[in-house]
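Visitor: Using the sequences and the hints, build the whole thing.
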Amino acid sequence: MTAPLPAVLAAGDLTKRPVVTLGGEAVAQIKDVVLDGAGGRIAGFTLAGRGLLSGPMRKSLPWTAVHALGTDAVMITSAEALEDKAAVASWQEASGGLVRGARVLTDQGVQVGTVLDVLIEAGREGRVVGVEMTSTEALGRHERKVFLPLGGRPAMTGDTLMVPARHTEHVVEELGELAAAVWRVRGTETGGPTGAVGPAAAGATGATGAPGEERTS
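Counting from 460, one number per residue, gives the positions in the sequence shown under the numbering used here.
Read the hints as simulated data drawn from the structure, not as lab findings.
In this text, a Cβ means the ideal position worked out from N, Cα and C, and glycines have one as well.
Incorrect hints may have been included.
[As the list claims (entries may be wrong)] Derived EDC-like pairs (lysine to aspartate or glutamate); straight-line CA-CA distance at most 16 angstroms: (1) 604 <-> 633; (2) 490 <-> 472; (3) 475 <-> 531; (4) 604 <-> 542; (5) 490 <-> 542; (6) 490 <-> 543.
[What the hints assert, rightly or not] What follows is a set of in silico ranges between Cβ atoms, one per label pair, in the way DEER data are often shown: (7) 484 <-> 548: 33 to 41 angstroms; (8) 538 <-> 614: 33 to 41 angstroms; (9) 481 <-> 604: 31 to 39 angstroms; (10) 612 <-> 510: 33 to 41 angstroms; (11) 647 <-> 538: 42 to 50 angstroms; (12) 628 <-> 539: 40 to 48 angstroms; (13) 497 <-> 560: 15 to 23 angstroms.
Guide: Following this line, the structure appears as structure tokens:
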């Protein structure tokens, strides 16, 4: 049984997004997204105060304390969910996750692009599902902005993203096509992913989903 992929969010767009409690109180805003490169998901967020003149906070928000990552706000149960800045600083110092400017390298040793931004699914998982990148001539799209879907656990470091060469066959040029592309990539992995998104289901995800297609066996 397939399940729809949640809305896809660019990590860069999360900056200044409010952090809101389930009681409706906006207690902070996102300063930076810290990624767990090895796990292929968000590790947490550094925070800033609310308002134009507010600076960095001494508190941070580990992903384990997030109730949900929404399209308009990051939801937490209460202000007590915020922790000392060191809670995510160790992740940031260890690898910083995948950063803009990192090269995208295939397992065949070919550089196919340079990362512009990291794409994350909304909801409670916080998984990295793709990257926005500038392509190289190796993809036949030299210096064009494209979206590369990623598998279940991408191999990321601060300056390199390793991908199977076969995954580059699923590069798309529109963010709205990414959900279906993620489904196709995960379908190439052994056993297929749990809760994989099918093309028809992806068509129901709205702005970030692809038009529905009929699935054949």
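Visitor: It remains to establish, for every hint, whether it holds in the given structure.
Guide: Structure-based check of all given hints:
1. 604 <-> 633: This hinted pair holds, its Cα atoms lying about 9 angstroms apart.
2. 490 <-> 472: With Cα atoms ~11 angstroms apart, residue 490 and residue 472 stay inside 16 angstroms; holds.
3. 475 <-> 531: 10 angstroms, holds
4. 604 <-> 542: 37 angstroms, violated
5. 490 <-> 542: 15 angstroms, holds
6. 490 <-> 543: Holds, because 15 angstroms separates the two Cα atoms, which is no more than 16 angstroms.
7. 484 <-> 548: 33 to 41 angstroms: 25 angstroms, violated
8. 538 <-> 614: 33 to 41 angstroms: Given range 33 to 41 angstroms: holds, Cβ gap about 36 angstroms.
9. 481 <-> 604: 31 to 39 angstroms: Distance hint for residue 481, residue 604 holds at roughly 37 angstroms.
10. 612 <-> 510: 33 to 41 angstroms: Since the Cβ atoms of residue 612 and residue 510 sit about 38 angstroms apart, the hinted range of 33 to 41 angstroms holds.
11. 647 <-> 538: 42 to 50 angstroms: Holds, at about 43 angstroms.
12. 628 <-> 539: 40 to 48 angstroms: Because 47 angstroms falls inside the window, the suggested range holds.
13. 497 <-> 560: 15 to 23 angstroms: 20 angstroms, holds
In this structure, the earlier hints numbered 4, 7 are contradicted, and the remaining ones agree with it.
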